[in-house]
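**Q** With chain F's structure known, arrange chains B, W and D on it following the hints.
There are 4 protein chains.
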Amino acid sequence: MRFGVIGAGRIGKIHAANVASRKDCEVRLIADADAGAADALAKALGAKVAGIDDILGAKDIDAVAICAPTDMHADLIEKAARAGKAAFCEKPVDMASARIRECLKVVETCGTPLMIGFNRRFDPNFAALEKRLREGEVGDIEIVSITSRDPAPPPVSYIARSGGLFRDMMIHDFDMARFLLGEEPISVSAMGSALVDPAIGEAGDVDTAVVIMQTESGKVAQISNSRRASYGYDQRIEVHGAKGMLRADNIRATSVEFAGARGFASDRVLDFFLERYASAYRDELDAFVSAVVAGIPPRPDGQDGLRAQMLADAADQSWRSGKRVVLI
Amino acid sequence: MRFGVIGAGRIGKIHAANVASRKDCEVRLIADADAGAADALAKALGAKVAGIDDILGAKDIDAVAICAPTDMHADLIEKAARAGKAAFCEKPVDMASARIRECLKVVETCGTPLMIGFNRRFDPNFAALEKRLREGEVGDIEIVSITSRDPAPPPVSYIARSGGLFRDMMIHDFDMARFLLGEEPISVSAMGSALVDPAIGEAGDVDTAVVIMQTESGKVAQISNSRRASYGYDQRIEVHGAKGMLRADNIRATSVEFAGARGFASDRVLDFFLERYASAYRDELDAFVSAVVAGIPPRPDGQDGLRAQMLADAADQSWRSGKRVVLI
Amino acid sequence: MRFGVIGAGRIGKIHAANVASRKDCEVRLIADADAGAADALAKALGAKVAGIDDILGAKDIDAVAICAPTDMHADLIEKAARAGKAAFCEKPVDMASARIRECLKVVETCGTPLMIGFNRRFDPNFAALEKRLREGEVGDIEIVSITSRDPAPPPVSYIARSGGLFRDMMIHDFDMARFLLGEEPISVSAMGSALVDPAIGEAGDVDTAVVIMQTESGKVAQISNSRRASYGYDQRIEVHGAKGMLRADNIRATSVEFAGARGFASDRVLDFFLERYASAYRDELDAFVSAVVAGIPPRPDGQDGLRAQMLADAADQSWRSGKRVVLI
Amino acid sequence: MRFGVIGAGRIGKIHAANVASRKDCEVRLIADADAGAADALAKALGAKVAGIDDILGAKDIDAVAICAPTDMHADLIEKAARAGKAAFCEKPVDMASARIRECLKVVETCGTPLMIGFNRRFDPNFAALEKRLREGEVGDIEIVSITSRDPAPPPVSYIARSGGLFRDMMIHDFDMARFLLGEEPISVSAMGSALVDPAIGEAGDVDTAVVIMQTESGKVAQISNSRRASYGYDQRIEVHGAKGMLRADNIRATSVEFAGARGFASDRVLDFFLERYASAYRDELDAFVSAVVAGIPPRPDGQDGLRAQMLADAADQSWRSGKRVVLI
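As they're listed, the protein sequences go chains F, B, W and D.
Under numbering that gives the first Met the number 0, the first sequence has 232 at position 233, and the numbering climbs by one with no breaks.
Under numbering that gives the first Met the number 0, the second sequence has 114 at position 115, and the numbering climbs by one with no breaks.
Under numbering that gives the first Met the number 0, the third sequence has 168 at position 169, and the numbering climbs by one with no breaks.
Under numbering that gives the first Met the number 0, the fourth sequence has 193 at position 194, and the numbering climbs by one with no breaks.
None of the hints are false.
When chains are identical, the list treats them as one kind, so a pair holds in a single copy or across two.
Listed next, the in silico BS3-like pairs over lysine-lysine satisfying Cα-Cα at most 25 Å (straight line): (1) Lys-42 - Lys-22; (2) Lys-12 - Lys-22; (3) Lys-12 - Lys-47; (4) Lys-47 - Lys-22; (5) Lys-130 - Lys-242; (6) Lys-22 - Lys-58; (7) Lys-58 - Lys-47; (8) Lys-104 - Lys-90; (9) Lys-12 - Lys-90; (10) Lys-42 - Lys-58.
Don't read these hints as lab results, they were simulated from the structure.
If we strip away everything but chain F, and leave its shape as in the complex, we get (with noise of 0.2 Å):
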């Protein structure tokens, strides 16, 4: 499979080796603004630069990487689409539920393959739990519990142009409350506070946020999000069930444990996700690669993009509102 990767930055960076440490595939044409990082990643992969029409007019292009800033998402998958290209799109597709549909119309007319990056459902402890979930270790599913707190808050000037928490950081976990439930939820509740920095609050978003939901069969969700945690990028989820609970824990740099005249210490969790999920962004290559292969829609889709954007608008609105919100 013949890729185009449009996007050279730090995400573009990593599905591009992804891309070219599989035998059956190749990076061909890398295409970016800043011509530096374009031709500096094209030269690491033996690839070439391109502009982005170019890549999606070329004839030898079986697929694209969209890896470019979140505003140009749905224009590309639109333009993939109807150049017949398999796309994989980072996660969001849009920040406007909208637009979102609109582009999806597109993309089923066209019937290509469009797979969206939420990489954590390709986390391999993530979705060794959902396999299970799924063989039904836990019998019906009761109660999610997702815990997601980044080491430290991005600059303020992300935060201005980031859509909210809600929508940056905890779209990651709407998608796995969504992936792990097995159901859709339809009722969201949200409390949310710039707790850690209040540059944050005075830009008009949260740094500190928990929400509450619900699926029509009654079954419901706790998400738990912070732009802060001393130890690390904390990553854990818990689901409860009829028959017992799964949940799988975060993961240290090293087994290893101290023990002195103040107790037991051991490491640190994982640092951010491009440590904690590089096995995931593989995966999730990979998962990409090998439907469209065997003429199977990938998933996460254009659906699971525009239920989890949902989810977030609904969050948002609850925050902002103090009232719960419900999907119809």
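**A** Frame of chain F; chains B, W and D shown alone:
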């Protein structure tokens, strides 16, 4: 300190035995509508059976332990206060906040000590965690998370007269949330379902519930409850703050672990509250005696009882109305 | 059962209190060379002070708890046997195996019950592990590993008259190894050093030692001892077999864990034997009473005391000679 | 750095792939008695098949990775040294210490770099532990404990020509003990049995063994080995010292844990060395390249190989003779 014990049921026996095991305390009189129960407990502890009024009127009784049915609590607290007795009363003071307020006015007027039996504050794990919070180990508190799951639901007949999950079961977690936050939650949102047993739903209650709360300064708390946990009585708390996280895990029967072809296996968590909180019951009775002897108001007090009940009422109302409830 | 307690020191107090806490037992008489100690304990338990001969001659005494200094044990066991009393004796029976053999012949002739206080067999964790071994959970036992480290060395004055680490400290582990293996070790090799305190070496003893042993059928055991552990009283066992491994870990003061910039931190292990083995002392006394009441020989018995002493002698000899010692 | 790889079997493939994955290294030539194996590996890595002498004589080869059968190691090391090539050789140098000594003299004379593949030193967990030991975290080292259990025994045909458990399997632990102790053990005592498979005993070997060792300064080490572990490849180390303990635990496939009616269940440990030590193999190759490039003697070196073999010989002799063996 000479005690009269009102109520010789399951919880009355525990408190009476804890009084009797102290060298400086004595159970003198025991009252119960069930003469056989009163008699058996009196014999076991070398006490005498008496009527409630006898206990309250006895000059050689310093304190009463109120372990009677909930609907008698407020009356007995008032009578004990008017009789000049220190009172230790099982939670809750009453199912109705208005009645609690009346009752506390009487206690205030009489100036007698009153302690409410929120036993979990005295669990050695939770007490150590709270102490470290107050010493500033996590810095400013941001998120309190409480997980509380019973091993199995009570009979539906009990559910029907229990006041509902929020007032009967989650009230402990509301008290713990206040205890840990060190602030009053002023906003409450609840979701719940009858997933464990449809009969609980038919009785107008839930068996699975999640709640989020927020204080005026913006701290948040999340609580999750289930009436069922296949692996025992699940009691965990976690507090996240500016400088780190403190958490208290469950207690297992033994530290034995088996490793075999299917992996590693360790014990269930302790089965239920009599076992899990045995030392908490002992320590809360000690705290009551120490405070009364020292002339210090014991805690948790009537106001703690009232505030927890107000949060339970708010959660119940939020669940029923589908709306966030703000406490003034 | 009516007890006379000989020895009102640290360990005598524990056994006496455990006797007194049983409804079917009573401490009637207490003897100690230190009249003040005897008096204080007698007062605390409502018993009377008496001489050793008075206790052994008293018709209303059914059993004696021998908590006197080690060099009196064998004499007292013989006297108790001749007086027809059931005897619970702290380990060891005697420092010399020959003397133990003589003593056990007397007991055998008299036919009275004798139990030796190897308390660790009754630790709930170790007892549960041993029960599961006997139920076949790991299949045939192959390797027993025991780690035992005191928090801090005793005074050198104690070391000098202790019989040395192998007889004073590791004797518990020799008993546990026999208990877990379910077979007699017949070959012993020991190495040791004075690494904690050179004065211990000058006193002719070691403070750090490792031992390996083998049974006739080929099962092996390893024991490691240190007179020092900065993190508390380290007591762990692990048994590996054909079908898997069973292990029992240390016990911590609380389940509280802190996560901060330097990683995760949990409690020290319980500090020393009075705390760590509180329930073991209780359960061993219960086992003694139950066996005597039921007319069953209590275990661990005199032979267990003898075999542990023989292993300690062999280890001491192996360390001194630099040679493996074979027991016939 | 341009490599010739001698041996294209299981371990040769690993080292060759690790060389090939470095940007500054290249596998140029591959030799194997099995032409098909050499050819397949050469194709996979873009290398050429060659004879051993071609590799050693090639001017454009800087280093050789010796992954041939053990009985060829010493000869190949000598030839590589004489050819002026840096050599990375799988452990052991030879089964006979005398032969190792001869071989190392040749290397010394030629002055070429030689590294022996004791991969466990490079496991990230063990390497981090050792680094913290050297930084003084536990103070003076007192007891080193190593547990090493294979998931299942190799075929008896392999056992017969393996040199025996002490030289084939425990040699890794002897190297680790030296690495961790930072001193040479001078006294060795071993016990062993054929408990896993009687056929191993009939072949003159053991499958279960325990060893204790002591250094001149008195530090002690204990090693336990089994050819079987139902729960995976058990690889643990623990170091106790004056100020505390450092230990490194096993690695699990995932962090997922299930809690159900029978308690808590977590994953097996990683299955075997290719999986458990994947990063160790990578890091040891990196260490070899870095040292050679920097002109620093790589470690573990030939002397490390010799000393580990001497300890294995001593343990084998101790097991056979039933006597402690002292190394001079």
